[in-house]
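Peer 1: Listed here are the chains, written in short residue letters.
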Amino acid sequence: MASLLGSYSLFFGLCCSFFIFFYSLKDFNVYNKLDKKILSFTFLQFFFVVVSFICLVLSFINSDFSNATVFNHSHTTKPLFYKVSGTWGNHEGSLLLWLLVLTLFILLFLIKSSKQPKKYIILTLLFQQIIIIGFFVFLLKTSNPFSHIFPVPKEGLGLNPILQDPALAIHPPILYLGYVGSSIIFSSALAATTLNYISKEWAKDIKNWVLISWIFLTLGILLGSIWAYYELGWGGFWFWDPVENVSLMPWLALTTLLHCILVLEKRLILTSWAVILSIATFTLSMSGTFLVRSGILNSVHTFANDPQRGLFILIFLFSLIFMSLFIFLFFHKVENKNTNPFFWLSKETSILINNWFMMYFLSVILIGTIYPIFLEVLSSEKISVGPPFYNKLIIPFLVPFLFAMMVGPKLKWIKSDLQNKFHLVLFLIISFFLSIFIVSKLDINFLNNTILFTASFYLFFGSLRDLIINKFKNLSQGIAHFGFSLLILSILLNSIFSTEVITNLKIGETFQSEKFKIKFEKVDYKNEQNFQAIIGKFEIENIDGNSLTLKPELRIYNQPNIVTSEADIKTNLYSDKFITMNMVQNQDYFNIRYQIKPYMIWIWISVLLISFGGLHSLFRKKI
Amino acid sequence: MYGRKVKFRIIFVLLFIITLALTVFLVLKSLEENVVYFQSPTELKVLPELQKKKIRVGGMVKNDSIFVNSYELTFVITDFKNEINVIYSGAIPNLFEEGKGVVAEGYLKDRNFFSATKILAKHDENYMPPEVKEALEEK
Chain A
7 MASLLGSYSL FFGLCCSFFI FFYSLKDFNV YNKLDKKILS FTFLQFFFVV
57 VSFICLVLSF INSDFSNATV FNHSHTTKPL FYKVSGTWGN HEGSLLLWLL
107 VLTLFILLFL IKSSKQPKKY IILTLLFQQI IIIGFFVFLL KTSNPFSHIF
157 PVPKEGLGLN PILQDPALAI HPPILYLGYV GSSIIFSSAL AATTLNYISK
207 EWAKDIKNWV LISWIFLTLG ILLGSIWAYY ELGWGGFWFW DPVENVSLMP
257 WLALTTLLHC ILVLEKRLIL TSWAVILSIA TFTLSMSGTF LVRSGILNSV
307 HTFANDPQRG LFILIFLFSL IFMSLFIFLF FHKVENKNTN PFFWLSKETS
357 ILINNWFMMY FLSVILIGTI YPIFLEVLSS EKISVGPPFY NKLIIPFLVP
407 FLFAMMVGPK LKWIKSDLQN KFHLVLFLII SFFLSIFIVS KLDINFLNNT
457 ILFTASFYLF FGSLRDLIIN KFKNLSQGIA HFGFSLLILS ILLNSIFSTE
507 VITNLKIGET FQSEKFKIKF EKVDYKNEQN FQAIIGKFEI ENIDGNSLTL
557 KPELRIYNQP NIVTSEADIK TNLYSDKFIT MNMVQNQDYF NIRYQIKPYM
607 IWIWISVLLI SFGGLHSLFR KKI
Chain B
43 MYGRKVKFRI IFVLLFIITL ALTVFLVLKS LEENVVYFQS PTELKVLPEL
93 QKKKIRVGGM VKNDSIFVNS YELTFVITDF KNEINVIYSG AIPNLFEEGK
143 GVVAEGYLKD RNFFSATKIL AKHDENYMPP EVKEALEEK
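The listed protein sequences correspond, in order, to chains A and B. Quick note: the first sequence, position 447, residue 453 per the numbering used here, numbers continuous. Quick note: the second sequence, position 77, residue 119 per the numbering used here, numbers continuous.
Hints are not guaranteed to be accurate.
What the hints assert, rightly or not - For lysine to aspartate or glutamate, the following EDC-like pairs were computed, each having C-alpha atoms within a straight-line distance of at most 20 Å:
1. A/K388 - B/E125
2. B/K95 - B/D106
3. B/K87 - B/E147
4. B/K87 - A/E387
5. B/K160 - A/D247
6. A/K388 - B/E147
Claimed, not checked - Distance ranges between label pairs, derived from CB positions:
7. A/Y580 - B/K49: 49 to 59 Å
8. A/K39 - B/F58: 39 to 49 Å
9. A/S278 - B/D152: 56 to 66 Å
10. B/F58 - A/V36: 38 to 48 Å
11. B/F58 - A/K447: 36 to 46 Å
12. A/I450 - B/K87: 36 to 46 Å
13. A/K447 - B/K123: 48 to 58 Å
14. B/T116 - A/S278: 51 to 61 Å
15. A/T505 - B/D152: 29 to 39 Å
16. A/S553 - B/N154: 36 to 46 Å
I should point out that these hints are in silico values taken from the structure, not numbers from a laboratory. The structure displayed is predicted, hence computed values, not measured ones. By construction, the Cβ of each residue, glycine as well, lies at the ideal position given by its N, Cα and C atoms.
Isolated chain B (complex conformation) (with noise of 0.2 Å):
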């Protein structure tokens, strides 16, 4: 009935489109699932309600707020209008300092407390969290 040619090119056409099919739904599930929302301590204070999945922090370091021991670490993540305590146990970055900007990931344990699995750095001195800028702006 058809040639040979155009069957080839029909099962071709197919197979292209459940691949594309498959790939698309396998993306957009795993992103779903995957995704890490970035919440500043304001944003965090409001929330209808805890959640339980994995989330960053972002905001400057409370001046005067670390405090370490042999295996945990504390501070104050601060937006100068809120504030959330972190608890962290794990490798600090070089540009983690008091008075400069942070970005925690790891989980909400109350509206208060916040346990850090990672502390994120960035290379340079002069960046800031976008968020907290806004929020520095606004003041």
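With the rest of the complex left out, here is chain A (with noise of 0.2 Å):
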């Protein structure tokens, strides 16, 4: 029933999209309030999206396994929590969540933006419309939530219980409400470049956009990665894997569309390149949805999926590309007016410059993920990119990077001096004598890592001054450069300072090092609703004398059969005691894997802070 419904809805949500045409059409030269019926339909197609939303998430509460979608992804045993994630813990879900947040945007975006210029509304609308039918061609033709089994199955096949976690449960949604916001921004930018409306307003009726987008965006990978960190027990936050990647690449052009966005408010300049980035920003990320679900990367997180799909979403993926290709080398005018001065000294040269090494991130990382796919196609020979080569690019590349961020901020705008230089010259210096004094007790390559904490702690330093003292100017940015700097120092010393220890073991046996004692006491075994739980207790003690017991867990899921370690971790603001432990198949030994990572915390909350820096400029005007 359930199932029949959200079909019919997601149909009357298509065609409300022609009705949307057809009246946009015909009021768009029309000198007039915007027509209301556009509105109505608008909403119309929203309700529809939600109402066929509703209707997955019941049956997967139900268990309707008549669905195909429920049938493959849900088991009758598993917590209802899980059950309500599992909408959209698979393709067909997630696209229609990604259609969901669409259509929501449009509404907001015309709630919002109706004292802009009416043509400008329209065309965004269309543009947008444009994106959604795709995505319900797309939904409908190849990957229908609500397609039907009959028989009916008595059970499910059961949710990927890696993906049975609270912070994968949210994932998604906070991932995609920033993918799809970059939607917005793209049809708006599009709309503004036909109609030559790129200009100060349309900078400050976007921003906010990209700031939701973004914030969104920088929380989603955040959760991401803080669900790889403890679920996947590898004790690592960060792997360069194509998936990370994938999302890593749209936030990165956000970013620079942040800071261009800036400048085009300002000093209407960088428009052509606040264009293309909006439309980079959004075909990034289509096409991280896009490589992640067609299965084509090779990829450690890869999941078994069909790669059919994947061809719908190339072609549509292309067809958008040449659209606003196509729009930006006809309409786009550049603006020969502009008799701005122009000083090499000033924010807008830094900002250009903090753009310049955003870009070289950007294709560095783009290069890094899709190099194997196309030498695989060209030369069948398959090969897989890894952290050296992207640590290799890109760290040393940091250093100019967070000294131009440091001295940025404190210019001006259109010509500038520098000021409060005994500051600048004060700070490199205690940077430089702190690096020296850390470097040289560790057994590390001493130039390179005294660079790169001299640039670190010169960042630290400089955005903390700023923040505690420019209370009142820009505290925004303020919080988000600190956020930054902090989240590099963290991510510095946790890499430098971490230590591994990985050993087998029987229960009873103690592994010896150096600095600890690892006691393999006993494991308990325990049955939850749809696992069985091995839970292992260790014991373990310093040298110090010290003692702390952890109990990393195995879990036996009995549908889908699979095994999964959640990792034991012991946080305290200087650093987090993780182990992990795994059954070897038919062996009495136990894999075990003991971490000490420091300020690991510090990284999760560095994020946070840069995302309260986004949150903080959002909400700045209206307080």
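Mind assembling these two chains? They're in different frames, but the hints should get you there.
Peer 2: Next up, the structure:
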């Protein structure tokens, strides 16, 4: 029943698009206020998608296995929370969620931007509708979430247990809010280009959307990263895996756009650049969904899926890119009237430099992610590009980037002198000696690490001072930049001071190292709703006499039959103690991994700070 | 001779081209050094010479081949035509099981022994490395 309703509702939603097109085109040249019908149909479309989404959620909650999506991804013994989150834990459901957010955002856009020129609103709506229609057709044709199975199976196949986790339950919606938010930026940038309306007013209007998508994308990536940290049991938070990279690329483009929009809003320069970035951000978000969902990527996060679907998204993606490039090349007029003076030492130059670096990072990640795909198609050779590639290409350029980030915000628009030269030099000297102090105690490459540490500390002190002294000037930027410096610093310290022990132990055995002793005391068994847990008990004794009990867990899920390991992590402000255990098939040994990860929590805190900076900027004017 | 604006444009374009060239050069050079090739046990058998570079071997874990002691783990990767012995000490992923797909990253010792530095797991129990799938379908 719910499936039928959901299916029809989707179809009606698609029909709304045609009404919207019709009324929009009719209303386009009329000098009047926006036709109320357009708003009504947009709302109706949103309503239909909501109904359809609720139907799918209900099918999941009721374990209605006549629905193929539910059958493939759910099970009666699954806890309610994961039944609901299972709705978007699969291809069909996640696309429906995309569509839901697409229709929601265009509705919000119509409401929020009602003071903008009418033609611009209508065109934005039309471009957005092209995307929406594309997704409707994609859903209905290739991946209908409501397809029927007969005879009705008694039991579902279950959700991949690795996805049965609170962080990953909310990760897709948050990430999608970010991804899809960029669709509004895309549509409105195209609309503004067509109408030659790239102006300060446009920048003001679109800045909020950039901020919203940016905040959600940041949080989405953070959640994914935290999940990977404790669920995959590798003890890292970023693996330069293709699936992770495709979420980082739109983030980089969006961050660049955010800075670029600021310049545009103040000075009306870099207009072409802003349009290109808007197009790039959305294209990257779409390709992200495409690459993850099509199974093309050779990734550790690979889920078995259907490559046929990829073709549709690929064709759709290319049509969108061609359309936007066409509009950009034929409609975009470079403003020759621009006689604004331009000086090297100014805020806009420093933002431009920042943009260049971001684009460099973006291209490195892009090449590293898609080069293996191309090579495989061209020469059928299979390769993978690992962390060394990214580390080697990104880290050296991080140093000038950090320095530019330190100096940039201190400059003024148009023309500026360096003020507070005294502080700049003082901080540099302090950072330098602090770095030497830290690095000289360790057995690592002296020169490289000193430079890297100096740059990080420099930005850290600089942004901290900005945060404290320029309290009322630009707090959002201060928070975000301080967050970023904290992030770099924590990652650096974390990667240098982490220690790790991997060993195989039988119950009762003890592992002895120079600094600590790991005693594997016992295992307990426990039955839960849809899994059996094996809980290990480990006693870790440090050389200074401190001891600590850790209880990592193995979960043997019954449907599907998969073992997952739950790390036990003891977190404090200074370090994380992290342990995972794994069974080795048919053997008495357990594979134990114990790690000490310093300042881990600061990585999460700093990313939260960064997104809080965005949030503050979003609400600043209204308070 | 030229206006300030033109001069500025030229500098800008030049800078842009130089950065672009530098980027391309760096990326290509780094790719060459850091790429890890994926090979099946059969492909390893027909290699003209042993490579010193890091590679990835993928296939299925042979039944009854996992053996473990306190510091290392040995098993056999097979693509149902050829197989290779793997020695590994390190963390073992959850989905590492006999009869399931596996990808090991590391160095070849000789034609029959592979010393792995990392074992990669997939998140999905139905996942099988594409190469193994192909090999299975050929059978």
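Peer 1: Evaluate each hint against the coordinates.
Peer 2: Checked hints:
Proposed proximity of A/K388 and B/E125 is supported: the alpha carbons are some 19 Å apart, at most 20 Å. Straight-line distance between C-alpha atoms of B/K95 and B/D106 comes to about 30 Å, which puts the hinted pair past the 20 Å bound. Between B/K87 and B/E147, the direct Cα distance comes to roughly 17 Å. Compliance with the 20 Å bound is thereby established for this hinted pair. Of the supplied pair hints, the one linking B/K87 and A/E387 holds, its CA atoms being roughly 16 Å apart against a limit of 20 Å.
The straight-line distance between the Cα atoms of B/K160 and A/D247 is roughly 14 Å, inside the 20 Å bound, and the hint therefore holds. Distance restraint check for A/K388 and B/E147: the Cα-Cα separation of roughly 13 Å lies within the 20 Å cut-off, and the hinted pair is therefore satisfied. At about 54 Å, the beta-carbon gap between A/Y580 and B/K49 stays in the expected band of 49 to 59 Å. Our hint of 39 to 49 Å for A/K39 and B/F58 holds, since their Cβ atoms are close to 45 Å apart.
Between A/S278 and B/D152, the C-beta spacing of about 58 Å keeps the proposed range 56 to 66 Å intact. Remark: the range hint 38 to 48 Å for B/F58 to A/V36 is upheld by a beta-carbon distance near 44 Å. A hinted range of 36 to 46 Å for the beta carbons of B/F58 and A/K447 is consistent with their spacing of about 42 Å. Taken as a hint, the range 36 to 46 Å holds for the pair A/I450 and B/K87, whose Cβ atoms sit roughly 40 Å apart.
A/K447 and B/K123 have their C-beta atoms about 53 Å apart, which keeps the hinted 48 to 58 Å range intact. The hinted window of 51 to 61 Å between B/T116 and A/S278 holds, with their beta carbons roughly 59 Å apart. A hinted range of 29 to 39 Å holds for the C-beta pair A/T505 and B/D152, which are about 33 Å apart. Separated by about 45 Å at the C-beta atoms, A/S553 and B/N154 satisfy the suggested range of 36 to 46 Å.
The earlier numbered hint that this structure contradicts is number 2, and it is the only one.
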